[in-house]
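The listed protein sequences derive, respectively, from chains W and G.
Per our numbering: the first sequence = residues 1 to 182.
Per our numbering: the second sequence = residues 1 to 191.
Among the hints, erroneous ones may be present.
To be verified - Label pairs and their computed distance ranges (CB to CB): (1) W:A100 to G:S145: 18 to 26 Å; (2) G:G53 to W:N61: 31 to 39 Å; (3) W:A100 to G:T101: 54 to 62 Å; (4) G:G70 to W:N133: 50 to 58 Å; (5) G:S59 to W:N161: 56 to 64 Å; (6) W:E52 to G:E186: 21 to 29 Å; (7) W:G129 to G:S27: 20 to 28 Å; (8) W:N162 to G:N119: 52 to 60 Å; (9) G:S148 to W:T136: 16 to 24 Å.
It is worth saying that the hints were derived from the structure and are not from the lab.
Note that the structure is predicted; figures quoted are calculated from it, not measured.
All C-beta atoms in this analysis are idealised placements derived from N, C-alpha and C, irrespective of residue type, glycine included.
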Amino acid sequence: MKKLVLAALAASAAISTPAFAAANDTGTVGVSGTVAGRCLFTTNSQTITVGELAKSGSDANAGKLDSSVLVNQTKTLVGWCNKTASTMTVTAKPMLGTTAAPNTSFDSRIDLTASAVANSQTATDGSAGETVNSYTAGSPATVGIFSGNVVVTLTGASTPNNGILTEGTYTGSVDVTLAPAV
Amino acid sequence: MKTMSLIVATALLVGAAPAALAQDSDSAKVSVTGQVAKLCVLGTPSNAVIDLGQMVDTSGARVGKRAAIGNKSVTLPGSFCNFANSVVTVNATALTADDATPAQSGFARAVNFTATASNWASTNAVATTTVDRQGAGAATTGSGSVQSLPKLADIGLTLSGYDVPGDLLLVSGGYTGSVTVTLAPEAVPAP
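So that you can see chain W by itself, here it is in the shape it has in the complex (with noise of 0.2 Å):
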């Protein structure tokens, strides 16, 4: 008798489902986030070796700087960028030599324009007439998202004062930012 009480019971409950099915709903849980407008250099550092600076001979040309093994050297930088209003700004540093310049016969400064090229835009900038250690960057170029080279090229370098090159050694830079605009 007690068995067929508890069959009744299982009964009745397969019975009763159906009417909790009409009961169920649908919620939505939202899922939301953001990419931060980034760019970021995977390859951030080059150096540009070159061998005698100034001019070979005994004319009146002798000493002073010999451009042609400047201008036209380059290297490619790495990077990219997610943010479709993204910039790229070069900022040119003149190499500065290690032996002072007594007058201005001599010169112991050489400045430096350069150019930048990423996602086929082109931004450049130049070091002639700034003042040591404020130096400030050429106009930004659009560059958008991209991911790829940055092609770094000397396009230009001269002295202050057409003057002789003191001997030692000269270093500058070719600094290139990549940022997303705001």
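Since chain W is already given, all that's left is putting chain G on it; use the hints.
For chain G alone, coordinates are given in the frame of chain W:
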């Protein structure tokens, strides 16, 4: 209820995190390096040859002997060294007769002189030749003081103090001597 509040606060923090990453720029550097070697260049002499002309008196008390020969100057314009501590040096070789035949007694075949290189450092380079009447003797070298800065200047070279050994008669013919001017780094004494 307290537990619930903590969960909500945590969710808000997670939601705020992306804002902190906004607008991430990056920079790269292409270094440029080169060298300028130590270099000295002497300008082309204003006169490649100094012609002293007739060196003996052709009449008077000193006939056949050294005449009064005026100082002769040459300029080496635009001479420079692009480094500190350079020195100008002159090396003088006495005038000797082009005819190598030994001079007879009472005659000389050599003329000594003083060469001075100026306008480089505080002390000029001076060299005075000292050959004998037959022209035997080494060339003479003299250096000026050290120029402590890179310098561009017109170096002057002056010949003066002509002297015949023993004030003897000079044999006839052409005479040739030379002066070599050198700009170079200061010699460093051997350790």
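Supplied distance hint 18 to 26 Å, evaluated on CB atoms of A100 of chain W and S145 of chain G: 21 Å, holds
Quick check on a hinted range of 56 to 64 Å for S59 of chain G and N161 of chain W, using CB atoms only. 57 Å, holds
Take a look at whether the Cβ-Cβ distance between S148 of chain G and T136 of chain W falls inside 16 to 24 Å. Cβ of S148 of chain G to Cβ of T136 of chain W: about 36 Å, so the range 16 to 24 Å is violated.
Satisfaction of the hinted span 50 to 58 Å by the C-beta atoms belonging to G70 of chain G and N133 of chain W: Given about 57 Å between the Cβ atoms, the range holds.
Starting from the hint 21 to 29 Å, judge whether the C-beta atoms of E52 of chain W and E186 of chain G obey it. 22 Å, holds
Given the hint of 54 to 62 Å, is the C-beta distance from A100 of chain W to T101 of chain G inside that range or not? 58 Å, holds
Please test the hint of 20 to 28 Å on the beta carbon pair from G129 of chain W and S27 of chain G. 23 Å, holds
Does the Cβ distance between N162 of chain W and N119 of chain G fall inside 52 to 60 Å? 23 Å, violated
31 to 39 Å as the expected CB spacing between N61 of chain W and G53 of chain G, which holds or is violated: 37 Å Cβ-Cβ, so the 31 to 39 Å window holds.
Hint compliance for this structure: hints 8 and 9 are broken, all remaining hints hold.
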